[in-house]
Amino acid sequence: MDFCFRIAGMAGDGIRGAGTIAARLFARHGYHVFANFEYQSLIRGGYSAAVVRVSDSRVGAHSSREEVLVALREHAAREAGGMHRVVVYDSSLFSMKEGYGVPMKEFADTAGAPEIFRNAVALGVLTWIYGADIEVLKRLYRDAYGRKAEADVKLAEMGYSHASAMLPRLRELRHAGRAKPVLTGNMAAALGAVKAGLRYYYAYPMTPSTQILHFLARAGKKLGVTVVQPENEIAVAVMAAGTAYAGGRVMVGTSGGGFALMQEAFSMLGMAELPVLFVEAQRSAPSTGVPTYHAQQDLRFVLHAGHGEFPRLVASPADAEDAFSLAGEMLNLVWRFQVPGVLLMDRYLCESAVTVDVEPSAVDVREPELWKGGDEYRRYAITPSGVSPLAFPPEAVVKVTANEHDEAGFTADDAATVGRMYDKRMRKEAAIAGELRGMSCVRRWCSGSDAVVTWGSAAPAAAEACEELGLACLQVRYLAPFPVWELEQLKGKRVACVECNYSGALRSLLREHLCVDAELIGRWDGRPFTPEELVHRLEEVFR
Amino acid sequence: MDFCFRIAGMAGDGIRGAGTIAARLFARHGYHVFANFEYQSLIRGGYSAAVVRVSDSRVGAHSSREEVLVALREHAAREAGGMHRVVVYDSSLFSMKEGYGVPMKEFADTAGAPEIFRNAVALGVLTWIYGADIEVLKRLYRDAYGRKAEADVKLAEMGYSHASAMLPRLRELRHAGRAKPVLTGNMAAALGAVKAGLRYYYAYPMTPSTQILHFLARAGKKLGVTVVQPENEIAVAVMAAGTAYAGGRVMVGTSGGGFALMQEAFSMLGMAELPVLFVEAQRSAPSTGVPTYHAQQDLRFVLHAGHGEFPRLVASPADAEDAFSLAGEMLNLVWRFQVPGVLLMDRYLCESAVTVDVEPSAVDVREPELWKGGDEYRRYAITPSGVSPLAFPPEAVVKVTANEHDEAGFTADDAATVGRMYDKRMRKEAAIAGELRGMSCVRRWCSGSDAVVTWGSAAPAAAEACEELGLACLQVRYLAPFPVWELEQLKGKRVACVECNYSGALRSLLREHLCVDAELIGRWDGRPFTPEELVHRLEEVFR
Amino acid sequence: MMLRTSQKIVWCPGCGNYGILRAFVKTLEALEDNAGRVVLVSGVGCHGKIADYVGVSSFHTIHGRVPPVLTGIKLADMSLIPVGFAGDGDAYNEGIAHLIHAARKNTDVTMVVHNNSVYALTTGQATATSPKGFRGRSTPEGNPEEPLNPLLLLLAAGASFVARGFAGNVAQLTELMLQAISHRGFSFIDVLQPCVAFNNTWELLRKRVHEVKTAGSREKAMELAMDPFATGVFYRESRQVYEDAVTAPEPTSTVEQVLESLR
Amino acid sequence: MMLRTSQKIVWCPGCGNYGILRAFVKTLEALEDNAGRVVLVSGVGCHGKIADYVGVSSFHTIHGRVPPVLTGIKLADMSLIPVGFAGDGDAYNEGIAHLIHAARKNTDVTMVVHNNSVYALTTGQATATSPKGFRGRSTPEGNPEEPLNPLLLLLAAGASFVARGFAGNVAQLTELMLQAISHRGFSFIDVLQPCVAFNNTWELLRKRVHEVKTAGSREKAMELAMDPFATGVFYRESRQVYEDAVTAPEPTSTVEQVLESLR
Ligand SMILES: Cc1ncc(C[n+]2csc(CCOP(=O)(O)OP(=O)(O)O)c2C)c(N)n1
Ligand SMILES: Cc1ncc(C[n+]2csc(CCOP(=O)(O)OP(=O)(O)O)c2C)c(N)n1
Ligand code: SF4
Ligand code: SF4
Ligand SMILES: [Mg+2]
Ligand SMILES: [Mg+2]
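Protein chains in written order, with the working numbering: chain A, 62 to 604; chain B, 62 to 604; chain C, 8 to 270; chain D, 8 to 270.
Simulated from the structure, these hints should not be mistaken for laboratory data. It should be emphasised that the depicted structure is a prediction, and the values quoted were computed from it without experimental measurement. Each residue gets a CB set at the ideal place from its N, CA and C atoms; glycine is no exception. Check before you lean on any hint, since a few could be wrong.
Straight-line distance between alpha carbons at most 20 Å, and here's what the computed EDC-like set of lysine to aspartate or glutamate pairs gives [claimed, not checked]:
| hint | chain 1 | residue 1 | chain 2 | residue 2 |
| --- | --- | --- | --- | --- |
| 1 | C | Lys15 | A | Glu140 |
| 2 | C | Lys139 | C | Glu153 |
| 3 | B | Lys552 | A | Asp578 |
| 4 | A | Lys282 | D | Glu36 |
| 5 | A | Lys283 | C | Glu148 |
| 6 | B | Lys552 | B | Glu580 |
| 7 | C | Lys227 | C | Asp251 |
| 8 | A | Lys552 | A | Asp511 |
Each pair of labels, with its calculated beta carbon distance range [what the hints assert, rightly or not]:
| hint | chain 1 | residue 1 | chain 2 | residue 2 | range |
| --- | --- | --- | --- | --- | --- |
| 9 | A | Glu601 | C | Asn207 | 41 to 47 Å |
| 10 | C | Arg191 | A | Ala477 | 57 to 63 Å |
| 11 | C | Glu36 | B | Gly435 | 22 to 28 Å |
| 12 | D | Arg44 | B | Glu211 | 35 to 41 Å |
| 13 | D | Gly149 | B | Ile177 | 21 to 27 Å |
| 14 | B | Asp484 | A | Met144 | 23 to 29 Å |
| 15 | A | Ser118 | B | Met487 | 37 to 43 Å |
| 16 | A | Gly91 | D | Ala252 | 39 to 45 Å |
| 17 | D | Ala252 | B | Glu594 | 55 to 61 Å |
Here chain A stands alone, though its shape is the one from the complex (with noise of 0.2 Å):
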């Protein structure tokens, strides 16, 4: 079973409400879920749509075989395109020829709510139309929002009531098993790096990472973080280096824009060896781009970020599940080596809904190498991995600078000098690649004898066309220190990369480090793929 529908209005219609509730629904049904959510960059009108995907195996992607509309405005009902085999709409607002008609505003208006209530009209009909429980809706919304939820309640029962008298039912839920939470990639990356003993996060407002700040800001009071929001991202990265300098484990997050104001910062925590967390959430860039769209643009800016050469950490996730074990992961690796690291998510990733499986216990917390006292402390002590003990003040005195340093982390320009700590720093390249061998840097959704590799949330919706096409699929999760070892099984094969930008910025890092040539499935007008759409363009490459 597997089926998606689509909620559509205007922003200011509660869509993206709408759209968790109803994937909250069919997961408290036991279902996997998927929702992806489509907004501009404005507070009201425009074009808004939640597409929901409901299945009874995993789920990672939408679809774009929808079968069922909810039109909450005029235009929103005209861009359908009529692939839908059910479309509903609000006929208080406006009349169409095909469809069913449901007076949502009317609604609304009896049960003396604002228009925004139309959208639990909205669930009600859907939840008839699929045959799920009312009475699962109606606990969700209490649930959500205490006592404020009666209106929610009453008006969702109206438009199931209705429903049941006009509308066709076009499937038959049952009870599929436990309820499954459902998470972003934002929330799920958030509670990961909470696990691996996160005490601090810190931003700049920045669409599609935004939400960690909101989710933390809340959650942050009972789960120990403490959420700061500074006067802009230059400040936010380097009062993060403040705070890992004095031992808080820290997690900063920002987008393409908020990074780039942030390379100066970056390249500091390369030479000071600070671990600092990035969250680097992709969207439509260059510069501001299409704020609130998708895109997986910034892998080169990234691995190359920052002046100079210094070791550092950039994973990318492919869905919630994963952000929540590469978050925990990561944290814990950037203190380990004492370096940068970035987690590169993207709009997809960040602000889909999606049911997860996580076993929080599969994170936790690693300290990193401590100093065991004695003597003076040396900050910057040169060892065979390149990694010195840590101490923070005032347990000792803590001397690290953004110079060129000695060992104690006075500043040094003398060529013996800088050549032994360049060396000293460089060489935590080979300990990190030494540490990721043992770890799985390269998912294999599925296999066979020509070869996908994607990356980051391409990685789910490639993987299911992979899946139909008997093509292997790789996922590459760590992308610096670039896996190699893992990935020498590509050379001699046919490959395509499938990544949501122009120049193929995976492509290019297979051709770097393995001299494989693969052809590149891009995409770059803000939107994600679909399982549907690679099928067709993969078809085309592996003919």
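Following the hints, put chains B, C and D with the ligands in place on chain A, whose structure we already have.
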């Protein structure tokens, strides 16, 4: 004829001035000269040296075979290490077992001049040692300092006559041709840009680019260049965007850390299609690093600067003549293609003083394609090349934006427009590559069957070594778009890359673009290569 | 010249930005022929969309960077009239460094801040001017910070024209804009702008906003600035403008001559 | 604990920085056991080298970014005493945004600015506080800009402790540093620092510098701040400190519980 000497002391001893005057002295005799300056990040004290090489053929690097040392301080004498045939020192400050004492400080006292004037004594001594014309030195001082030159002239004469009584004469230099101009890479880049129509230079001080600011702050008034030092680097880059928008040819200068701060603006230029030329003068990084020392560590950083994808031009000159030409070419190209461009310099190139043989008429102002008037102006009109004709306010209503947009410059987010405009911009990459194919993107310094590939200021030293060893030496001048067409010849050859970094940025580009594997000859202790070192290291590789 | 483009306005109904737009269009009308020399520069946020709505040349730049764009334009062509529109998040948080230095340098440009005391386009976080206790999505338990007094700050930074308007008083705001544009030097207007979605101050402002008379000295203006609801021109002084001091004259030498002098 | 390290000092002989270093070492001596909790943060410029010379924990950061480092340290460990040393170019040009917001937020940290009115380490360009007409290497014909008044600006930004010292008066400066450190909130000290190499103000300052009494109100302090040679504590007020308001308490929930609530 080819010799090299060192003048050394501490910051505050006027070492750079002495080195420059020495270089000009021999240049006025018609010789080729190269002067490298070494100094620390401090204002008084420490170690400071000028190493001046003089030859009757072109030189682009200093040499590690020095024959004379003039030591103005005891520690500078001690650091020498016994390789010099002649050591001269200031016997009024300290004494040495070997070497020739000249009472420089006493001479200065006698002349009633402050201690810093000792450097004129040193120059008089050197004039004697090399059999140069003391009258030329005196004229040089007078040309340089006008009426304030008399103390220098007097002390130079005292040094000369003292030396003529006590010191050996190593050579008998004669006038070898017409006086040659002596420029640093910084000055050459500034002048090349002015030749191509530069009208604005914005910069925040940062070694090793600061000299451009100082030079243009003085010369700009005569050359019609408005020079502004804004509050910080972000203001520099954004102010330049405003100026370019209004039709002003503008260049900005900084080093890696400042360029890091300009990343968001750089991406904006890509989206808004505004031509600004950046001088990125590399120094030893990451972060503040070794701020007055040399490196070539920012190549990948610059190639992938700015979030998102957009075309850019990156070129890196080998020497001052190349800096003159490339600055001019680049300024014309960024205007022609309406993209940001980076002239990637480095400390060694920026600050070394060298005789040049520039043909200023080789660079001129090339006008970009201008709007011919007519209907409403569309700033982003779609064309086959991707380049839209330019207009400036108030001639037309010109709407530019950092957001994705339609042809007229209004914000757009629909998939069709986003895709189309993205294509339009990226198409310029092919147009630029087409243009570059008609230019010299790779310079072949010498030929051979095995090849050394290099870039930036590493080229002259590498070429000298290659010449000696019979290797081909190729310098990649344009790095983005990467000129594969001129490098296909490397396939199947034994190749080494010479670059002042640890990771081999150019080497990685040969892999990425050509699947060519090269050996890396790197250096990362802040010091530039010398030809002698490279002969040794290349022998090891190609043995 | 069409002063309003045909682009659909996507601000919320009731947003204070409409008043600012209206005042600016009226200002352009009043400028008559000179309107063609106006270049609008806008930041990122709801306010920034104004670039799409006005039919003059415009540069919709990145977040926080309106002042350097204004300066860069003025330096390139002194005949242009650069007018900036920034948000409070834009001008007082992200880009406050530029604002202060532009005020000090006194370039002849105008800067209008749509001060709704909230990051609106990113759905309602506290900015530098949000009241203490403000509940936004990043401060669910109330903003712990004291708000910034932008007028006081700009006066302290040396701005030569400092004013405050109210999005609900289009006539006054138009007058302020006209005065700001005709003032030779850096002109700053903070506009109290209700955001109906995230910080609806219509009622409060309608009640409290009042007009004050221009102070005779910077010190007196600072006293006036202590009142967050005072509007009008607080201070104005005549001072050298930056571009006059820095712009290079026409060239008198050639590159060839400079090279010759380096022999 | 060695308060002076064995690193060789590379400031020019006669530089005002020596006085600031001496005052800080005396301050640390006076702090006795608490000196071990001091973390020195320095910017980039001649001033920044102070990190090498003092034997306490230190973070020599990048140009202009001293205030966020101070805040980040304080948030991580409230028992630490972060003290920042920045240059005028560092604090008033490159990083002025942070200074203003740190003042407004009132984190309990101390910020000392080595104000020599010049970018010294880059060999003498004009900064925000260079006098009009100053001839530096980027302003060979004289600086065209009006200097910034940092005390006025910090007062306008809401700083809760504002003082000025003079590198030539070590006793007073020590006293100011001690008061700044003991003040709970953001403490700001502008130090008039002669740079013998590029802006030798010894004579001028020795003649003109004088001490004033702490003003009773911010307004009065602003009046005092009009005098560029006045030293002493201009203003001090007690206000909520930032870290008290934002620091999260010990966790009361687990990630597992939050996940459960999202079912
Ligand atoms: C560098 C950068 N950081 C963050 C953002 C995200 N962003 C877009 S709009 C906005 C809020 C703008 O607030 P304000 O300037 O007050 O404008 P308003 O929406 O209130 O008009 C932010 C933070 C961005 N575009 N660029
Ligand atoms: C981002 C950045 N820009 C520029 C520089 C170059 N720089 C180093 S020191 C300095 C001047 C510092 O002046 P100031 O802060 O007044 O310190 P001072 O040397 O006078 O003590 C500058 C601009 C830098 N290191 N980083
Ligand atoms: S969110 Fe606020 S500022 Fe933005 S358009 Fe709506 S009312 Fe106006
Ligand atoms: S240059 Fe100036 S500030 Fe720097 S050490 Fe010398 S005197 Fe001090
Ligand atoms: Mg706002
Ligand atoms: Mg200074």
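Okay, the hints, checked on the actual structure:
1. C/Lys15 x A/Glu140: holds (18 Å)
2. C/Lys139 x C/Glu153: holds (5 Å)
3. B/Lys552 x A/Asp578: Within the cut-off at roughly 16 Å; holds.
4. A/Lys282 x D/Glu36: This hinted pair is violated, its Cα atoms lying about 39 Å apart.
5. A/Lys283 x C/Glu148: holds (13 Å)
6. B/Lys552 x B/Glu580: holds (14 Å)
7. C/Lys227 x C/Asp251: Measuring from Cα to Cα gives roughly 29 Å; hence the hint is violated.
8. A/Lys552 x A/Asp511: holds (11 Å)
9. A/Glu601 x C/Asn207: 41 to 47 Å: violated (53 Å)
10. C/Arg191 x A/Ala477: 57 to 63 Å: With Cβ atoms ~59 Å apart, the hint holds.
11. C/Glu36 x B/Gly435: 22 to 28 Å: Hint holds: Cβ distance 26 Å, inside 22 to 28 Å.
12. D/Arg44 x B/Glu211: 35 to 41 Å: With Cβ atoms ~59 Å apart, the hint is violated.
13. D/Gly149 x B/Ile177: 21 to 27 Å: Holds - the Cβ-Cβ distance for D/Gly149 and B/Ile177, about 25 Å, lies within 21 to 27 Å.
14. B/Asp484 x A/Met144: 23 to 29 Å: holds (27 Å)
15. A/Ser118 x B/Met487: 37 to 43 Å: holds (38 Å)
16. A/Gly91 x D/Ala252: 39 to 45 Å: holds (43 Å)
17. D/Ala252 x B/Glu594: 55 to 61 Å: holds (59 Å)
Violated hints, in rising order: 4, 7, 9 and 12; the structure is consistent with all others.
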